[in-house]
Amino acid sequence: MSSTLFDKVWDSHVVRKIKDGPDVFFIDRHLIHEVTSPVAFLGLKERNNSVLFPGRTFATADHNTPTINQHLPVEDPLSANQLKALEENSAEWGISHWGLGHQNNGIVHVVGPENGITLPGATIVCGDSHTSTHGAFGAIAFGIGTSEVEMVLTSQCIMQPKPKKMRINITGELGLGVTPKDVALFIISKLTTSGATGYFVEYAGDVFKQMSMEGRMTVCNLSIEMGARGGIIAPDEKTFEYVKGRPLAPKGADWDKAMAYWETLTTDEDAVFDKELTFSATDIEPMITYGTNPGMGTGISNNIPSANQVEGGESTYKKSLDYMGFAEGEAMIGKHVDYVFIGSCTNGRIEDFRAFASIVKGRKKADNITAWLVPGSHIVEAKIKEEGLLDIFHEAGFVLREPGCSACLAMNDDKVPAGKVAVSTSNRNFEGRQGPGSKTLLASPLVAAATAVTGVVTDPRTLL
Amino acid sequence: MAYDKFEILKSSAVPLPIENVDTDQIIPARFLKATERKGFGDNLFRDWRYNPDNTPKEQFVLNNPIYSGKILVGGKNFGSGSSREHAAWAVYDYGFRCVVSSFFADIFRGNCLNIGVLPVQVSAEFLDKIFKAIEADPNTEIEIDLPKQTITLLVSGEQESFEINEYKKENMLNGFDDIDYLTKMKDEIKEFADKRPF
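For the record, the sequence lines run as chains P and L. At position 148 of the first sequence the residue is numbered 148 (the working numbering), and the sequence of numbers has no breaks. At position 106 of the second sequence the residue is numbered 1106 (the working numbering), and the sequence of numbers has no breaks.
One chain only, chain L, in its complex shape:
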């Protein structure tokens, strides 16, 4: 089992209403030098979060104590850029289990699903509602129901459904990952490989 099971998550959320948040912002390249997967949460959004002298930038959302929770809400095209899984690790390691946006970059979305962070894509209108609800009350709770594939603003009951393929959904619900699946297929894969021209 590769990570904790994900079923229903009810939490307040941290808003980051910026578009095109790229993986170099999520985790700058100079923090990719570990040979183990630990400690990446400390450097999540490093250069937006800290001054060059390592003092916190007070205006950045992660340094504002009124915001907390296991859900990160980002602007359109979240996670663009590099394929570094470290970006997803940093999000997870910081304590987020779910990222909500109106659009995700492909590789980042896949990386999240592979490590147990649920990417939830909502409409631009619903994303706006979430940002407004958090602005009105930073403690407002959001419910992500993976079995039903719904996201709900609990304060108003407003709800939207989100897409996830059945296979990935089963994986998330059970804490399985692709390697669990692939290792059971080795004989079939070897047979396939024998027929490849190169």
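Isolated chain P, as found in the complex:
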């Protein structure tokens, strides 16, 4: 019987099927961080359980870490306590731990791929919804709750009903200034934040074939924002090239064995999806959001839609625009901005900083803009320096911070103040996401860069 890429990976990880219930689903790689793991370790102890396979779990500190002066003790006692818990729990159970200051430290979904933890055909979970990022490698990867973190620690399995399957095809070639972030925001704007709930999405077609691994990660990362459990892209030469030689990737004979398996990871031609959608690349322009969920996005040159043009209740829509201080029919271009944030598991990779640099090079940061440039990891940070991007940033008046989740969810001090507007390359524009009362416009690194040098929402195509 013909099957999809998703079927192949899912079915090969089912330890037991429960009648009228979930599958007992085996997890190859488990990533943990300081915020969603402490209670799981507590539960483990309370039940007198132990970690079944410590070598399959990897810890990194990222969510609440400061992005300046990481060499000093963490000032916030609650954050410091969580970081200490991660370190102690990892040490107690023999789990690899990349704490603050470790050369491999960074955002969990950035360090997984760059160290070869992320592999095609693997199952990967983490107590973080953006675990979907790793689907870019042809892995099944998704976010889990803390109870499930405890399940994985205890048994290396979770209990999951198999999601339905959706394929999203994008044909053709992307235009100038249109990035993977725009592709994702475009899809979410078409499907809404609940349009893919209950599905696992395979991305296919020319656009994803052409896309770099970094770009694929950005797209898969945002799968959760349309409700999907995860996204997946068939591995190809680009994938294998990226993985090969990474510290934790298979080597020698193990590599050959893995390759033989990975080459089977494609969707059969006559495989059937529960839902299939096709879009044309030429319909996508640089995107920006205007509301309080990632589905409220539009092409940057458009005006804010009126309530009757969008799906969903009018009162919810108006509440959202009221929060933003926007009105139906207003233009997005030219809107005043106070903060620009480039970073996060969505857009904190080297390619994102290259894109940012391509626009700010030879220009100056606008005076009204506070800019936070936060690399996804120390490895990204090192590359920024190596490639000379840091000099470009400095000349343009920007400062590079140290890695972490930072202003994406503002658990550390990187908070956008109440009432201020941020153009952000992160993943969520929910009310108060970047700090209580903050207003977020999600966009690509190019839009962020164009806005950072002009001080207002700017179409990057005018500066390229």
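Among the hints, a few may not be true.
[What the hints assert, rightly or not] Under the rule of at most 30 Å between Cα atoms (straight-line distance), these lysine-lysine pairs were calculated in the BS3-like manner:
(1) L:K1076 / P:K84
(2) P:K275 / P:K164
(3) L:K1076 / P:K190
(4) L:K1186 / P:K162
(5) L:K1010 / L:K1132
(6) L:K1195 / P:K164
(7) P:K383 / P:K238
(8) P:K164 / L:K1186
(9) P:K162 / L:K1195
[Claimed, not checked] Looking from chain P toward chain L, a few residues come up when the C-beta cut is under 8 Å (computed):
(10) P38
(11) A85
(12) R229
(13) N308
(14) K319
(15) L321
Bear in mind the hints are in silico, worked out from the structure with no lab data behind them. We treat Cβ as the ideally placed atom computed from N, Cα and C, and that holds for glycine.
Given the coordinates of chain P, assemble chain L onto it according to the supplied hints.
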């Protein structure tokens, strides 16, 4: 046993007729810094419930004394966003045992089931009836019958059935959770792990 058994719940309900209520609203990220599972109910809907100076926002439903009960009724796509189980903990810790909506985000629904909060998905029409019934009488009672998988507006007798898989239903009825199940499977899991290529 991981949590209290759930069989039949008869209670008034708290209405929150807003769509796409995300987990950042249910519990903002800055309140995720605990290393133990307690006190999350105090910060449930923190920024909708309190002003920046920590005084209550009087118009928000949780601050309105006429509404109470163990059932929270939310608009479509409830619990979207982050996988933070803290959102479900906050709902539970505040005193809710059941959330009713016409649509739930996946991870939030799973998290609820894992900690003993029952997510009940109803049709958009039935959800509207519930909101209207609460509007007419804030004390109106709703009955959630898990064994029969029904939700009933007791004032009118209007009823709808809801879905839950047999396995999860048994868990909720008995107060079991997945870890109880998985720990009994360790040998089978170890054997499976031995055959994995990496």
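Structure-based check of all given hints:
1. L:K1076 / P:K84: 39 Å, violated
2. P:K275 / P:K164: 8 Å, holds
3. L:K1076 / P:K190: 17 Å, holds
4. L:K1186 / P:K162: 21 Å, holds
5. L:K1010 / L:K1132: 18 Å, holds
6. L:K1195 / P:K164: Distance ~27 Å between L:K1195 and P:K164 Cα, so the pair holds.
7. P:K383 / P:K238: Given that 30 Å is the threshold and the Cα spacing comes to 20 Å, the pair holds.
8. P:K164 / L:K1186: 28 Å, holds
9. P:K162 / L:K1195: 22 Å, holds
10. P38: Holds. Min distance 4 Å.
11. A85: Since chain L brings a Cβ to about 5 Å from P:A85, closer than 8 Å, the hint holds.
12. R229: 6 Å, holds
13. N308: With Cβ-Cβ at 16 Å, over 8 Å, it is violated.
14. K319: Holds: closest Cβ of chain L sits about 7 Å from P:K319, inside 8 Å.
15. L321: Status violated, d = 14 Å.
Checked against the numbered hints given earlier, this structure breaks hints 1, 13, 15; the rest are met.
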